[in-house]
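Undergrad: Take a look at the letters that make up each chain.
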Amino acid sequence: MTKVEPLPLEPLTAAAQPLPVYQIERLSKIYVRNNLTALSEVYLTILKGEFVSVVGTSGCGKSTLLNIMAGLLPPTTGRVVLNGRPVLGPRPDIGMMFQQATLLPWKTTIENIVLPIEIREGRGAAKAARGRAMDLLQLVGLGEFANVYPGELSGGMAQRASICRMLVTDPAMLLLDEPFSALDEFTRDFMNMEFQRICMEREATAFLVTHSLEEAVILSDRIQVMKARPGRIVEDVRISLRRPRTLEMINTREFGEIVAHIRELLGKEAHE
Amino acid sequence: MTDASRLEDEDTVWEEREALIDRIPRWVAMTFLFVVVVGIWDLVTRMGWVSAIILPTPAETLADLIFVGGNLIAGEYMLDALWTTTLTVAYGFLIAAGIGFSLGVLVGETKFGERAVMPYLVAIDTMPKVAFAPLFIAWLGFDIGSKVALAAFIATFPIVVATAAGLYAATDNERMLFKSFGATQLQTLVRLKLPTGLPYIFTGLKIASVGVMAGAITGEFLGGGRGFGALIRQSASQLDTPRVFALILYLSLLGLALYFTVVWMQRYFVFWKKGEKQGGPIG
Ligand SMILES: Nc1ncnc2c1ncn2[C@@H]1O[C@H](COP(=O)(O)OP(=O)(O)O)[C@@H](O)[C@H]1O
Ligand SMILES: [Mg+2]
Chain A
60 MTKVEPLPLE PLTAAAQPLP VYQIERLSKI YVRNNLTALS EVYLTILKGE FVSVVGTSGC
120 GKSTLLNIMA GLLPPTTGRV VLNGRPVLGP RPDIGMMFQQ ATLLPWKTTI ENIVLPIEIR
180 EGRGAAKAAR GRAMDLLQLV GLGEFANVYP GELSGGMAQR ASICRMLVTD PAMLLLDEPF
240 SALDEFTRDF MNMEFQRICM EREATAFLVT HSLEEAVILS DRIQVMKARP GRIVEDVRIS
300 LRRPRTLEMI NTREFGEIVA HIRELLGKEA HE
Chain B
2 MTDASRLEDE DTVWEEREAL IDRIPRWVAM TFLFVVVVGI WDLVTRMGWV SAIILPTPAE
62 TLADLIFVGG NLIAGEYMLD ALWTTTLTVA YGFLIAAGIG FSLGVLVGET KFGERAVMPY
122 LVAIDTMPKV AFAPLFIAWL GFDIGSKVAL AAFIATFPIV VATAAGLYAA TDNERMLFKS
182 FGATQLQTLV RLKLPTGLPY IFTGLKIASV GVMAGAITGE FLGGGRGFGA LIRQSASQLD
242 TPRVFALILY LSLLGLALYF TVVWMQRYFV FWKKGEKQGG PIG
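Taken in order, these protein sequences are the chains called A and B. The first sequence maps to residues 60 to 331 in our numbering. The second sequence maps to residues 2 to 284 in our numbering.
There could be a bad hint or two in this list.
[Stated by the list, open to error] Distance windows between CB atoms, simulated: (1) M128(B) to G210(A): 37 to 45 Å; (2) V14(B) to P303(A): 44 to 52 Å; (3) V123(B) to V140(A): 25 to 33 Å; (4) R268(B) to A319(A): 51 to 59 Å; (5) A91(B) to A184(A): 35 to 43 Å; (6) S299(A) to D173(B): 36 to 44 Å; (7) R301(A) to Y169(B): 47 to 55 Å; (8) K186(A) to I74(B): 47 to 55 Å; (9) A91(B) to R92(A): 46 to 54 Å; (10) A241(A) to A91(B): 53 to 61 Å; (11) Q188(B) to D194(A): 21 to 29 Å; (12) V14(B) to E307(A): 38 to 46 Å.
No wet-lab data here; the hints were simulated from the structure. The structure presented is a predicted model; accordingly, all values stated were derived computationally and were not measured. Every residue gets a Cβ at the ideal spot worked out from N, C-alpha and C, and that includes glycine.
Assemble the whole structure, with the sequences as input and the hints as a guide.
TA: In structure tokens, the structure reads:
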């Protein structure tokens, strides 16, 4: 098993180096209720503009890690620093997306998108942000659906709306917990390509939880391979396929080798 | 060969069968049932199988319906009585809605409410609430107050339970989303949990609208006064059964009016669930 070396946390000397956005050290989480060690000794540094994913079997602690990074859950030990400030609760410079689009059915699409602003800064600010929300809707091809209620949106459209809601506050960091895994395979492929385009356009820094190896490989610069009991990162896999990535790349030998490598890392666990 | 090509040419059109009884339009079905029931009623009374004091004939009942209707339209004493009962029901319902909703929020939103208040509410709810009527009369007298109190008392509990259940209805995902926005508890309550719980709250209000009628009429039976319940009791004690029947029918219009006011408000406020079924045939 490969031991992952934590990246140094000292300010990087070379000025050309991108700055670290997230710095996570010695992170562990024990759920007191059932005395379960969900995470143990996790180290992770994410640089500005990087797309990092974490893959692993169901229940290995991916969502726990993401929720701690988001400030939704306190860690048991260790530290999480975002943009130089420790994460001690939910933060406005984080945008999140979950498996369910979770749009409020009594608000129109555009009202749903400005909801984070409405909650943080009030109705006036939300109203002022409508123009920005409209631009985002146009960006994901939902311009005509701004004023309809979510009941009329398909699953893929609802997820695109929730991408807009995540981006409307212009967050420094995007945290995504299996955002496309409830969609059918074709919609999912399409969403992956859309999401890559959006991230490249905005030079976004993103952290994606997924259990689809193909999704992880096609979107990421680095993949954290995670194992369960206790949840820990066993390898940091660098993906050097050139960007923009295309769906055709899935059929290349290089792509296949990366998937096979990760599958082997994870496959061992089933026999352990 | 020829057989195969013939098969390809033919459409396999066939009709889906629906039972005959399910194809009858609603108004035909309702009229049919009405005619059957009235027919049996008429037969039973005409043949003298049941005494006229116990069950009047449909014709007698119709005559009384017309008489009471005329009295109501003319604005005579029966309209006063109906108005008194309407006020009792309206006050009782509003008080029950206010107290029930507040207690529901207390129980659904705070650990204190859930742990300390809820057990007492459950205990009181299991009691036969009508048994409190003499107490309310002793405290509030024979006027409208004691009837309002009993009506409100009966109607409060379903609203408490429905409100508390409604506040639990928001999914973990939705709660997490609001948490990630840094929403306060009050914001989460007002912007997420209450709207999500509205369909539940309206179900509670519908149950309460039935209970409040029962409470008001029971109060008027036991405590006298000038409401419709007192009229019914008076007619019953004079063995004027057709009049009792007629009064009950008009009274049920009041209940229906309240019930459908709640249904209409639900349609208006829970507009995003219009298309969906809201509880099958009784929704
Ligand atoms: N709130 C909680 N309390 C107790 N145990 C939990 C809680 N949330 C998750 N777990 C447990 O922690 C482990 C990791 O869960 P999770 O992070 O959701 O995994 P993943 O997202 O990789 O599927 C699982 O075994 C799960 O049962
Ligand atoms: Mg998960």
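Undergrad: Given a hinted range of 47 to 55 Å, is it respected by the beta-carbon distance of K186(A) and I74(B)?
TA: holds, 52 Å
Undergrad: Cβ-Cβ distance between A91(B) and A184(A): within 35 to 43 Å?
TA: holds, 41 Å
Undergrad: So the hint says 44 to 52 Å: do the beta-carbon atoms of V14(B) and P303(A) match that?
TA: This hint holds: roughly 50 Å between Cβ atoms.
Undergrad: Is 47 to 55 Å respected by the C-beta to C-beta distance linking R301(A) and Y169(B)?
TA: With Cβ atoms ~50 Å apart, the hint holds.
Undergrad: Could one say that the CB atoms of M128(B) and G210(A) fall in the range 37 to 45 Å?
TA: holds, 42 Å
Undergrad: That 25 to 33 Å hint for V123(B) and V140(A) (C-beta), does it hold up?
TA: For V123(B) and V140(A) the Cβ distance comes to about 49 Å; the hint is violated.
Undergrad: When you take the CB atoms of R268(B) and A319(A), is the distance between them in 51 to 59 Å?
TA: holds, 57 Å
Undergrad: Take the C-beta atom of A241(A) and the C-beta atom of A91(B), compute their distance, and say whether it sits inside 53 to 61 Å.
TA: Since the Cβ atoms of A241(A) and A91(B) sit about 47 Å apart, the hinted range of 53 to 61 Å is violated.
Undergrad: Is 46 to 54 Å respected by the C-beta to C-beta distance linking A91(B) and R92(A)?
TA: With a Cβ separation near 48 Å, A91(B) and R92(A) satisfy 46 to 54 Å, so the hint holds.
Undergrad: Falls inside 21 to 29 Å, the C-beta gap from Q188(B) to D194(A)?
TA: 26 Å Cβ-Cβ, so the 21 to 29 Å window holds.
Undergrad: Just tell me: holds or violated, for the beta carbon distance of V14(B) and E307(A) against 38 to 46 Å?
TA: Cβ of V14(B) to Cβ of E307(A): about 44 Å, so the range 38 to 46 Å holds.
Undergrad: Has the hinted range 36 to 44 Å been met by the Cβ atoms of S299(A) and D173(B)?
TA: holds, 38 Å
Checked against the numbered hints listed earlier, the structure breaks hints 3 and 10; every other hint is satisfied.
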